[in-house]
Amino acid sequence: MSEHEVTLTVNGESVTRSVEARMLLVHFIREDLSLTGTHIGCDTTSCGACTVLVNGKPVKSCTVFAVQAEGAEVETIESVAAGGVLHPLQEGFWEKHGLQCGYCTPGMIMTAKEFLVRNPNPTEDEIRRGISGNLCRCTGYNKIVEAIQYAAEKLQADAGGE
Amino acid sequence: MPVIPGAFDYHSPRSLDEALSLLQQHAGEAKILAGGQSLLRYVEERGDHLAIGAMTREHALEDSSVVRNSYSLLHDTALVIADPLVRNQATVGGNIAHADPANDHPATMLAYDATLVTKGPKGERTIAIDDFFTGLFENAMSDDEILTEIRIPKPAANSGGAYTKFERKVGDYAISAAAVQLRLDGDTVAAARIGLTNVSAVPMRAQGAEAELVGKSLSDAVIEAAGKAAAAECDPSPDLRGGVDYKRDITRVMVKRSIQQAVARAKGGK
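Protein chains in written order, with numbering that gives the first Met the number 0: chain A, 0 to 161; chain B, 0 to 269.
The set of hints was computed from the structure by calculation and includes no laboratory data.
Below, computed lysine-lysine pairings styled on BS3-like, alpha-carbon distance capped at 30 Å:
#, chain 1, residue 1, chain 2, residue 2
1, A, K56, A, K153
2, A, K56, B, K30
3, B, K121, B, K153
4, B, K30, B, K121
5, A, K142, B, K168
6, B, K227, B, K266
7, B, K227, B, K215
8, B, K168, A, K56
9, A, K95, B, K168
10, A, K95, A, K142
Pulled out of the complex, with its shape left as it was, chain B reads as follows (with noise of 0.2 Å):
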């Protein structure tokens, strides 16, 4: 049977302003439906960080050279979320502010340290990332408060990041995915970051894996035990992508892949 939406009104806001006034107009009522306007959408690089404004679509992320240049744990996850057709109409508030622990970017954003922007009634404000996911599809945001944008810190010298996925086919949702970035001061890991994809109720960070890795000289022994962390600390359901013995185990795989990637990159490589 045809998938018909329950009947609804629709406005279009033609501004910011006009947008949260719509929302206390209908409070509780209202349900922001990104995608169908060309307010805030840019990805450019504003002193120590990268830009994104919320309405972003995801294309951009893989067309835009400074993100394929700058941001390669971006580029990764902007190259495997949903589909490229999905790819052409999503954008990347959206993907963040469902706060879906099965979408891409909460994991990347966690790994980047990400600051997120809001505007509501108040003013504007901002959202460590670590603090704006606060259940499965709940967050840290007012009903009162739109997203509107996305701070990536711009990486240090000697950084790098990586994003690896696991998926049944294009299109579905991570078995398990794993978010890196991490620093290097020679072969010693000097500040790491790792945020895990659909093996949570909460998208999460894999702080246990973190500890695993800062102040250590790299070595294969060292990436294994960081993989086992994640592992271990990770907490994934049952589905019909695996039980959750093999859930833990590909995200110990994907840990180890992206740390491996992320480290080759830092040190200059692609």
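Chain A with its partners taken away, still in its complex shape (with noise of 0.2 Å):
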């Protein structure tokens, strides 16, 4: 088999491994960093629950191979709470009742967290088109949308706008 060595940085630290050709950066992060918190749903690139952030895109990392990710930025729902401190999102899905299973939660959060930088202030059906690769099986999107509402209105009073 084909091993590449391959070096990447994951939610701030340089990490250099040797990997197969084959192996799916989801698989990498999961098994290689044990970094669990981003799921496997599908494996079909259908769900979100793999989604994680490559170069400050959103992208599902069952659909990238590890050697893919060669140089690039990676940032996990590890990454979220920075020093322990949950994220404006986080502090959204446990105020909202955001997540029912939690499965797709890493995944949704992930997404969302790109698209408030793109779209600070967004509307409901905005957001809803924002998250519409992440799946909840348990139909939860009405507290998911909610979630993303508080967050974005407290990331919007931490920036100190009107």
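Hey, can you piece these two chains together into the complex? The hints should help.
Listed below in structure tokens is the structure:
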């Protein structure tokens, strides 16, 4: 089998590992780095449970080979609570009951995190479109949308917005 | 069970020439995996056409102001390909080169009369989109060629286009979708090209529908006739998305809606 050395930054730390070419990024994150907050739902690019940020953009990490992430900056759910303080999105999911079983939550939060950077003051419709690549099998979308709205307001307030 | 791909080797070429020599070295055994590189990534107008690097990610089309302002059909298409997360990774060239009639770009590029640029050991060549799709998942490129660029002719004055897609849910393939690009001369259709998604084994133009439009003065009856022609000439397969008659009728409706939107845009609307 062909082994390749891959070096990338994960949650701010540089990591170098030898991986098989066929290893998916999500398996690399979960098994080689033991960061199990990133979930595997469908393995077929449908559900978004495995969403991580690669160079700032949310992608489904079951659709990326680890070798393709050479040199990339990867952020996973483990990076979101900086210094142990919940991110406004995590706080929003807590306050607004944005999760039932919680399986989709890490992916939802990673998608929403980048979405709110691009669109800090979204409409409900824009939020729903923004998370349309992430599935919640509990169908708890209303509460997820409310959680993201909560976070948007909190982030705006924290930024000293109007 | 997890989907673990079979074992393969991986090369990460730093230039197009290196990629071409790897293809020759592994003749018949290599497959190009787009999306892991920053080569061939641009969207810009160059003279009489829009040039799109084959490795351009789909989200770049959504974000491009030139696409949004001047290439409405392409912008419509970019917004409904898969889902937002997939569009951050998927490439325009990959969507086309895969020659999947269920993908959205083939119909759109057929409607635009796009030209594809490829490079191989014998150098660069261009392939008209009408000659590109040769079968299900088959295209006119040889094994040692790489798709490098897609060129869309700059729409003339009084032109408009639209893509209308009917899908069960975000991220699914279309039940049917229609790409229309047309040019008006007053109320007469001076030129029209129509591409259809996921209603044939090979990405197809609805030339019967085009013939119902070109040279005609626009009316509800003319647009209905075009929709019916498309429904008759497409060749959908029955599957979990519906039966043949249903898909033909959805095609009729998609073609009509795209024509109506394209006409509105040709007249200066959004």
